[in-house]
Each structure stands twice: as structure tokens, then as C-alpha cells.
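Colleague: What follows is each chain in one-letter form.
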Amino acid sequence: MTVAFGDQYSRWRVDREKVPAACGLTGFICEDGERVPGDAVIESMRVMHDRGNGLGGGFAGYGIYPEHADLYAVHIMFEGKEGKAACEDTLEESLEIAAGEEIPTAGGTPIADPPLLWRYFALPRKEKLSESGLDEQDFMVRLVMDINIRVPGAFVFSCGKNMGVFKAVGFAEDVGEFFRLPEYLGHTWIGHARFPTNTPGWWGGAHPFSILDWAVVHNGEISSYGINKRYLEMFGYECTLLTDTEVVAYLFDLLVRKHRLPLEVACKVLAAPFWKDIDAVGDPGEKELLESLRIVYGSALMNGPFAVIVGYSRGMMGLNDRIKLRPLVAARKDEVLYVSSEESAIRQICPRPDRVWAPNAGQPVIGRLRGDA
Amino acid sequence: MAGDMLTSEFLVNVDHERCRRCKRCILNCGFGVFDFQSMTTAESSKCVACHRCVVFCPEEAITVTRNPLAFKDHSSWDVNRRKAIWKQAQAPGMILTGMGNDLPWLNVFDHLLIDACQVTNPSIDPLREPMELRTYLGRKPDSLEVVGEDGAHRLETRVAGNIRLEVPLVFSGMSYGSVSLNTHRALAIAAEKLGTVMNTGEGGLHKELYPYRDHIIVQCASGRFGVHPEYLQSGVAVEIKVGQGAKPGIGGHLPGEKICQEVSSTRMIPRGTDALSPAPHHDIYSIEDLRQLIYALKEATGYKPVSVKIATVHNVAAIASGIARAGADIIYLDGFKGGTGASPAVVRDHVGIPLEIALAVVDSQLRSEGIRNRVSIIAAGGIRSSADAAKAIALGADAVGIGTAALIALGCRLCQKCYTGNCSWGIATQKPELSGRLDPDWGAERLVNLVNSWSLELKEVLGALGVNAVESLRGNRERLRSLGLDEQTTRILDVKPAGR
Chain A
1338 MTVAFGDQYS RWRVDREKVP AACGLTGFIC EDGERVPGDA VIESMRVMHD
1388 RGNGLGGGFA GYGIYPEHAD LYAVHIMFEG KEGKAACEDT LEESLEIAAG
1438 EEIPTAGGTP IADPPLLWRY FALPRKEKLS ESGLDEQDFM VRLVMDINIR
1488 VPGAFVFSCG KNMGVFKAVG FAEDVGEFFR LPEYLGHTWI GHARFPTNTP
1538 GWWGGAHPFS ILDWAVVHNG EISSYGINKR YLEMFGYECT LLTDTEVVAY
1588 LFDLLVRKHR LPLEVACKVL AAPFWKDIDA VGDPGEKELL ESLRIVYGSA
1638 LMNGPFAVIV GYSRGMMGLN DRIKLRPLVA ARKDEVLYVS SEESAIRQIC
1688 PRPDRVWAPN AGQPVIGRLR GDA
Chain B
-9 MAGDMLTSEF LVNVDHERCR RCKRCILNCG FGVFDFQSMT TAESSKCVAC
41 HRCVVFCPEE AITVTRNPLA FKDHSSWDVN RRKAIWKQAQ APGMILTGMG
91 NDLPWLNVFD HLLIDACQVT NPSIDPLREP MELRTYLGRK PDSLEVVGED
141 GAHRLETRVA GNIRLEVPLV FSGMSYGSVS LNTHRALAIA AEKLGTVMNT
191 GEGGLHKELY PYRDHIIVQC ASGRFGVHPE YLQSGVAVEI KVGQGAKPGI
241 GGHLPGEKIC QEVSSTRMIP RGTDALSPAP HHDIYSIEDL RQLIYALKEA
291 TGYKPVSVKI ATVHNVAAIA SGIARAGADI IYLDGFKGGT GASPAVVRDH
341 VGIPLEIALA VVDSQLRSEG IRNRVSIIAA GGIRSSADAA KAIALGADAV
391 GIGTAALIAL GCRLCQKCYT GNCSWGIATQ KPELSGRLDP DWGAERLVNL
441 VNSWSLELKE VLGALGVNAV ESLRGNRERL RSLGLDEQTT RILDVKPAGR
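Residue numbers (the numbering used here), protein chains in the order written: chain A, 1338 to 1710; chain B, -9 to 490.
These aren't lab readings, by the way, just hints derived from the structure by calculation.
A quick note: this is a predicted structure, and the numbers were derived from the prediction, not measured.
A hint or two may mislead.
What follows is a list of derived Cβ distance ranges for each label pair [claimed, not checked]:
(1) R1479(A) - E139(B): 22 to 32 Å
(2) R1517(A) - E156(B): 49 to 59 Å
(3) P268(B) - Q1700(A): 52 to 62 Å
(4) G185(B) - G1622(A): 16 to 26 Å
Glycine included, each C-beta is placed from N, C-alpha and C at the ideal position.
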């Protein structure tokens, strides 16, 4: 029995219960593509120590695996050697694995009882891919969901290209040190401290939640979770993690990757403008767009308090719910865009930003890598 | 009286010390209870407890009580069963009744509890924040195509044929013929004021109400009463009525007594004839036939949405899936507690399944097939309050239909005698001296008040749930818990038991 895969975990697997949590979050993107070590995101999170309660912390870094940039970086936690053996059989069956190794961790941190932490750099086997009739990304999504639901003792927590999620039970800054983030270089970093309200933490339950190259950190509780989850299930997503944050990652994947909605438009779905504001829009094309989004995607509206930071391969976005019930602050300094729960967390790593502002409810703040970056 | 062995259900007493002999009771009673021979007399055996006399007596001189006559107790042979046998032994025939199922079946709504926010997420105050109930009924595409970058986005997909409702509440189908023209008028006026729709039921639409076409769903039932091209164009949608919750599997029963001249010309049938619509549509013997009628109606109306109304029967989920695949835009589920103007009691009381269960399995079935977007679901037949409406929406309904509740708002006392045509409240009658009692504007105001009250209550529920748009409650069964239901039913409803 370990903390990571204790009774709580087993019960979740069976009952699919949802667990409310609150949190602190931070993120930044160097739009010119400059890659910086993970120290900064750890320091930013350290200021918000009290926003977590030591039951979950985590990070995602983008641009961190340039040597394997074209391969899926699959991060997995295993419950002992048996879980690993069973899972590796499944992986070998579906993936051409170029490299597999234990994720390096540091001793001497307060992080206790870690599961086995491994990462694999891989691509789908060609024959398996064509057999499946899916495109490569859908194949990966299906594989990850299969493992997370059906392979006992194995949990994939990251599967994007040239990015990785690192998370654990503990305070965020300790989690960052544990995973030796200062040794990685990334152009985008996001971090999270978790304050779960009713459970001992579970390693897989920490943020970020990730699918493909989407990584989401989230502060809030999505009161519409029940319908968001059922809506996603219609499109083949299986919510395995029992937290509302997971649906945020899947909704972005559905709307932006599969339905090809521009990111700003997807935000109008997730934090939909009010009818009174849509009714007042003068431009008929804009009005019809907003009206149609609400008619068609009503079940994807994320209702309830939230602030999220979403990382993806070429950008980062911060977004508040439609009436801004959770804090979110943004700042800019030269080529770097910062988003965080607290201004102090930004100023900790960027003492004199050019501009600091509080994004309006439902208005996304988006940073993108420049075309040449 | 003595010949049929029946005893009065109610006793009517006139307090002669209070009575001023104004004879209002005689005028008001549609059932001929009262007479006047030097003083007001009452024939209790005719009383149906509709309270019209009681409400209109200026001296409060009239009391109606249940007949306390004792019957020997017998738990199998309750009094109503004995009375039914006496009636049928006296004169052969089915026992006819009106309104919804009155047997004490389990009411699932009363075993579902709604969630609220505490601490971890804030509730929202509907007095201070926007709270949205706007609802669109009709087929939606699975996705939208949007092109363009950086603020200049253009929609490439047109979302056509949706009915916009300002509230997720519609008036259920009640035919002109079963109800009075004034009742139809009140419903149409109210629907327009509320930004919702009324439904004609199967008796056509009186020409006078054509101007309300933006707030009317016209019905096409097996009798095709009043169906002609102009009628089909006189609504926002056409509804094919396959079944009715109060009488699944059988047709309509409008007794000739209620076919007056206006009903006759609206329905296009001879005056005074019984209007018995066939049990099935004789052009729908299978699902592929339904598809043909759906598309025939779409062709006839320039592709307005088509709704298909069915009674909730055992295999309702598969039937609904077939209806969705046959091209319907709306499925109207009418639960086994749904009302009627006339139905054999045996069918009303014993055929069909509860709306709540049907709704849950239909919504789940359509989701499991990935076709939930193709149709909207209206849930009706047993919606008694805003709480029922909220629970139905959480189970998966896009909107709920209210019929009986609307009639109660107009004064209906649920006496269940609609089929006699004697309605003292002017609702379910065609006798001009009775139907004239219902002022359409007064009635419309009461309907508007009712729906606005329920809307306020729905907003309060949404706010407590921490959401500010009805689409976040729709199908959100995570916010429901069951209490006192057996495990199997809870599982079928796909809700968790209270405490989990």
C-alpha cells in the first residue's frame, strides 16, 4: 500500500466519484521561444504556498524534450512492478518505443512514498494505427483512456509531444524540487497548488490534467460538471480521473483539436457571454455566431467558479468563468506573458512588469509562440 | 338512483339561514345539482366537487363534504373497485374518466433531491446576477465550422429550425373540442406574452388564433382533425401525435356532445358526431412510415421542425432512438400521469410507465448512440411544480410541458369530468353559457403569473446550484440524488443515492 495507490484510488476507480478542490495557479510563456529553467515557476508557486494544503502540486513544461520533439512523451505512474509489467505489455503492443526511462527525482524533499515514475518516448505502431482507423492523436487518446481505465496499477498522466507533466502529493514547490525541474528548459511553464477539500491527495489527482499536448491547471469547481462529462462521453471521452478539471482538458481537445474552433471561439463556448449581451451585439454575423455557439454547445458551457490556465504546444491561455468567481491576474514584460492567481506570484519572478491587469470575466488572455519561435 | 345501487360520492349542504336565495349556485353548477322550490335544494348525487358553487356563493352558505357513508373495510376491494363493478353491471361499457392517472403509483419526482452549493463553490444570487432560462428546441448540428483568425471569425454552419423559448416551459397539447375556445385563447395569449409556445392538441386551430402562429405548435394526430395546408403553416412546428400519456395505444375520445358548430368547422367533422381518432395512424404502421410522414410534413411546411409525441411505454428508449433517426427534431414524452379530456380508466390508470424513468432512459439512450444533439426532448405528463420541472431538466429534458397545471391555474378543480362537457369553470366544455365564464385575458394573466412564478423558482434553484444558465442543469444528473428509491430504479435513473 502506498499513498499514491491506496484505498482512495481503488474506490475512485470503481465508483467514479467527483472530488471538489480549490487551488492556486501560475503560468508564463516566452513568446519569442526562449527556453528558461523550471526554477522560476517553482518560485512563483512558492509565494502561494497557502493556496495549497500539501495534498497536491504539479507543473507542466513545454519545449522540454527537444531531443525527442517528434515523439509522444508518455509519463506514467505505476503501482509497483506488477502494474508496470502489465502496462508495458499494453504499451509495446500499440507503440514503437524509442526510449524508456525512470523519471529522474531528487531525494531529500518532503515528498513521500512515490509510485514508480516512468516516461517513454514513442509513436503508434503503424500497423496498429491503420487497424484502428483512427488518426494518430485519436489513437493516443484512446490508448491513454484504455490504460487509465482498464490496466490496474498504471496511470498515464502526460502524453504530449515535447512537453511533460510532473505532479505529486505535496506542496507545489516541493514537487518541483522533487522532479528536478530546474534541470529542464521550457518556453512555457504552468504550475499548480491543490487544496482538496475532502480527500487525502492522490498523485494522479494533482494538477495539471493533460491529454495530448493540452495541460490544464484549474482553480474552482465546475458546477456543470455532470453535463459536461456526459456531453464529452458522447464524443468518446471517458472521464477517468473523477475531477472536474479533467473535463476542461477534454473540452479544449474536443472544441479546438477535433471541431477546429479557433481558441478564442472555444472560450466563448466555455465561458459563454450572456444572452443579454448577445442580444445587444450589432453585427449580425457576430450575433449569429455567438447565438449558434450557445445553441449547439450549451452542454459544454463550464458553469461555476473557475480560473484556468491552459498550456498547449504553441501557446498558453488564462480564462475566467463568465462572472469571474475566482481570481486571475495577468501581466506582460517584454516577450513574456504571465497569468496567475495572485499578482504577488508574478512579481516574485518579474518584479517590474510593463503592465498588470485583471482579465474580465470570460475574456481569455492568450500568449502564442511567435511564428519563427 | 336506487336502480344503479350507487351512493353519492359527495354531500352538498345548503345552510338555509345564510342562503339569500340569489340562485347563483343554480346558474353556476354545470352538473345541475341545484334547484329551487321555495328554497335552494341540492341533489348530492350529481355533485362532482368542482367547487364552482362554493366559490361563487356570496354567503358561504354551501358546503361540499365527502360522503362519510361507511363501507365494510376490505383492503383488496376498496370502494372505487366496488363502485366500478356496480356501474358496469348497471350498463355495459368502459368506465370513462378525465385528467391524469389518480392511482397512488410511486411518484419518482418525490424521491429525487436537488443539490446546492456550500463553501467550495459559491451559489449565485438571482436577484443580483443574470440567470438564464432561454432554451432552443430543435435539431442541432454536432459541431460548428468557424473560420478566420484574430477576432474576425465567420460562421460557416447555419443552425436552422430551432424554436426559441424564453422559458423551458411549454403548454401541452389540449385540443379545441376537449377544451373551450376561450381556453385556447388564454393559452395562445399567454404563450405570446411569455415567449413560449402552446400546442393545439389534435383538434385543429380556430382561425381566430392564426395570428398567434409564432407561439403555436400545430398537431397532426391520427384523426387528422382540422389538418389542412394553411393549418400546418400556422405554427412554428408540427407535432405528430402518436400517443398520449393518459391513453397509450388508443385514440382520442371526444363525445359528440362537445362537437358544437365551431368545433365542427375547425375539426372539419359533422356537428354532434363522436370524434374518435383511430388508435394508430393508418399511414404509420412502422418506423419507416413515420419517417415518410415526418418528411411529408417538412415538405409541406418549408422544413419547420417536426415533433413526435409518444406516450412513455416500456420500450420507450428504443422507440425514441428510432424517432430521432427517422428525422424528428423534437421528441415529446408524455408520462403515464399525463392528463386527458376522456380516457377509459383502465388504460389511464394502468398503461405506460412514469415520465421520470422514461425521460432518463431516453436521454441516456440517445447519448449512448451519440445522437442526443439531433433532437430536443420535451417532458410532460406529471409536471406539477417548478421542482418537478427542475428535476425533469436535470434528468435530461430540454423543456417541460404543462397541461393539467395550466388548467388548474384557470380554475380547474380536477373533478375528472371533462368528458361530460359540463365543466362549470368554462374550461372543458363547449356549452356557450359555461365556456363564456372563462375570460381569455383573465385566464392568460393567470397562466403568465404561473409560468413567471415557476421561472423565478427555477432561477432560485439554478442559483443555489451555482449555475446561471439552464443548460448547465440540463442532463446534469450529478446534481440529483435519490431518496427512498430501490437500487434498481436509482441505477436506471443514473443518479446517485443521497449520501453519496
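Colleague: So, against the hints stated earlier in the document, which numbers end up violated here?
Modeller: No hint contradicted; all consistent.
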